[in-house]
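Protein chains: 2
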Amino acid sequence: METKIVLKDSEIPKTWYNIMADMPNPPEAVLHPGTGKPIGPDDLAPLFPMALIEQEVSTQRFIPIPDEIRRIYALWRPSPMYRAKRLEEAIKTRSRIYYKYEGVSPAGSHKPNTSIPQAYYNKMAGRKRIATETGAGQWGSALALGASFFGLESKVYMVKVSYHQKPYRRMLMEVFGAKVVPSPSEDTQCGRQILSTDPDSPGSLGIAISEAVEDAATREDTSYSLGSVLNHVCLHQTVVGLECVEQMKIANDYPDVVIGCCGGGSNMAGISFPFLRDKIAGSRNPRVIAVEPASCPTLTKGVYAYDFGDTARLTPLVKMYTLGHDFIPAGIHAGGLRYHGDSPLVSQLCHEGLIEAQAYHQTGVFQSALVFARSEGILPAPESSHAIHSAIVEAKRADEEGKEEAILFNLSGHGFFDLAAYDDYLGGKLVDHEHPENKIREALSHLPKVGA
Amino acid sequence: METKIVLKDSEIPKTWYNIMADMPNPPEAVLHPGTGKPIGPDDLAPLFPMALIEQEVSTQRFIPIPDEIRRIYALWRPSPMYRAKRLEEAIKTRSRIYYKYEGVSPAGSHKPNTSIPQAYYNKMAGRKRIATETGAGQWGSALALGASFFGLESKVYMVKVSYHQKPYRRMLMEVFGAKVVPSPSEDTQCGRQILSTDPDSPGSLGIAISEAVEDAATREDTSYSLGSVLNHVCLHQTVVGLECVEQMKIANDYPDVVIGCCGGGSNMAGISFPFLRDKIAGSRNPRVIAVEPASCPTLTKGVYAYDFGDTARLTPLVKMYTLGHDFIPAGIHAGGLRYHGDSPLVSQLCHEGLIEAQAYHQTGVFQSALVFARSEGILPAPESSHAIHSAIVEAKRADEEGKEEAILFNLSGHGFFDLAAYDDYLGGKLVDHEHPENKIREALSHLPKVGA
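Sequence lines, in order, name chains U and G.
All residue numbers for the first sequence refer to our numbering, where the first residue is 1 and numbers rise by one.
All residue numbers for the second sequence refer to our numbering, where the first residue is 453 and numbers rise by one.
So that you can see chain U by itself, here it is in the shape it has in the complex:
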């Protein structure tokens, strides 16, 4: 086959795939944080447009992608799927390694797959503004892009320490017209309260979420937007896997293993759900692997329980794998994987044995990233490098077992904004953090006392 398989604009999927139609068991109810009772669409209406709320709970198997979204997707989709022949040679495996490359998007990652439809449905619902939070800035820049395309204002609450340490992502959001403020900010009651007691607060994702939610809840023209975790976000990301299904057909192959890195879970969901459909149907039996950092081992060391999505305990309660909502992971370079919880859909599929989980330390991950960069040429994001590392581990395992397997992973983004991390690695400054058993035990003792 060719080095990469490209599809035409007309081959962009016409529908998203909704795995809720095929899951062996329905997802657990989302609970109101105050009453502990299941919440309904109306509870979410102040935050999200109704079209997204409907997608959040829909059990329809295929949900049409509006033409206007497909036309914008065409700015970078279908994304290429590569056969990693040069990587295979570099690690001397007999297995066939494939990767889907989402770094070709304008924001450099898979995130615009959902920021574009989110902006679209907000525009259709007559909203004028979107508020969101961002850590290192990947999601914020994707949302700013989506909002810009539909003439919406965007306001991004960026964790203050990142705002100052990572000015390039802030600048990219501003190029796309976003208003970016360091969080905690003077713009919300919650932010002002924190600043009044701690004027030098470095901020946190939990605080930034609280600010963005308050902003959206208190302004009728404004919605809140989330870049991962939720069902409708996972749904939008299935364009990745749906394209891969077609590209694997052209390659005349089918993956024995499908791999994605896992923070909130949306890129993992995106590449794997269309293949999990085959697995659930019993027509194929791919292994599906979610890869997380050893310093934030939600799926491998967490518990499957009801918990809050944020540190400040403002969000509804969802059943998911969690390390506890006040677990604070070590400051690894894969910032996008530092989340205490996980997508409820990915969590349930993991709990039911349809998805496996692996956790790796960052020095091994960066070692694999360098092998990849020097053979395939693409500089991978530290998050995506977890999937690369797992693919290499699995290829070597197959070699040892005398098997020749087809291994597919999602290269969810490029690392042009993460070069300081590579500099640390090359300079021998990267450290592996101990398995945070004590911190996990402590955080898990604070889980809310609700749910099944």
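Just so you know, the hints here were simulated from the structure itself, not pulled from any lab data.
Mixed in with the good hints, there may be bad ones.
Computed cross-link-like contacts, DSSO-like style, restricted to lysine-lysine with a CA-CA straight-line distance of at most 27 Å [said to hold, decoys possible]:
hint, chain 1, residue 1, chain 2, residue 2
1, U, Lys123, G, Lys855
2, G, Lys881, U, Lys14
3, U, Lys128, G, Lys544
4, G, Lys631, U, Lys429
5, U, Lys249, G, Lys460
6, U, Lys128, G, Lys537
7, G, Lys580, U, Lys85
8, G, Lys618, U, Lys160
9, U, Lys166, G, Lys881
10, U, Lys8, U, Lys128
11, G, Lys466, U, Lys85
Position chain G against the provided structure of chain U, taking the given hints into account.
Relative to the frame of chain U, chain G by itself:
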């Protein structure tokens, strides 16, 4: 048509196009800097492998691209050609705007189109090491990538002020295994000499060239490598235009105007030479426009004369448009366009009226870059934004003339490493430098007294 036209790996051109076979007049001889006599292949042998020297002087119309190079090209080529419908809507033009996007390469620009073959031919000739210079680091990172693919060492002399101001490009070169030193360095006689009189020298491209040339000339295992200007570099870049010729056919259109930004001239040559072939043959009559910064107006304000390629007067003398080898342009953000001379081939075609030239100030260029980013989504490099600006100017001119034209430009690279420039623009800190008439007059008075 679709938003973008993609081709398959198998449609990567099998040959480069050599415009020397079709030029109305042969290129002027290159002269020895000492004797003033034409130089031959043997004079260049200490610096370049013979295969590249042969390409430098060949008059064969199509030169085969070795399969091994095409396989590496396939990591990102064929690159997509877009119909810029969203840009057209944003500027309300009736013309059709197309752009070729070279930012999809691993180094983020068109430069690997030549760094890969240069590394290949050096490997074939048994060289073990390549030395080169780099300013802001675009070329250095492309060469590091090429060398890495063929297991060659690379040594990059990076202008000291950029080495410290732009650490990300230095880090990218190191990821690809290059040894990068700030120039002037202690590693060459020339560098040591400068440091002994001026330990705080910020360096210059002229000094860095001298160091790289000395490195290559004094070590038998080492070649020198240049990222633009030379004939063989322009030759390699023609893959860009050759793909565009096929993509325009699929779009069922032909460009009335072909536009490239012009520093050393290679990306300009790449997109335009295959279309100039039609123009020279008389079968078509596209206008071909080279766009330069008003602060370094080589083609628009320089003279067509013999001059040195470098400040230190070490290189052979070539006939080209020049502002004088000691002209120092203002510190604009489009660092890749700050060169006193131009490709001899582009210069001659310009002199003979086959290529037009335009010069623009940077604030207008950044204004167009922002319109482009917010409509097409891609963040363009400041250099490439000169071509965007010209395309917008030409579309508006066509509108005023009541014409509907097809306008094609080369988007030669992305701007993820140039966000500080956008920040300056958005913060109102960008200045336009006066036309440097006095500095040009002064520098032109130092032209060597040789040649026709």
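Against the structure, the hints come out as follows:
no., hint, verdict
1, Lys123/U x Lys855/G, "35 Å, violated"
2, Lys881/G x Lys14/U, "45 Å, violated"
3, Lys128/U x Lys544/G, "24 Å, holds"
4, Lys631/G x Lys429/U, "19 Å, holds"
5, Lys249/U x Lys460/G, "16 Å, holds"
6, Lys128/U x Lys537/G, "24 Å, holds"
7, Lys580/G x Lys85/U, "24 Å, holds"
8, Lys618/G x Lys160/U, "24 Å, holds"
9, Lys166/U x Lys881/G, "20 Å, holds"
10, Lys8/U x Lys128/U, "33 Å, violated"
11, Lys466/G x Lys85/U, "21 Å, holds"
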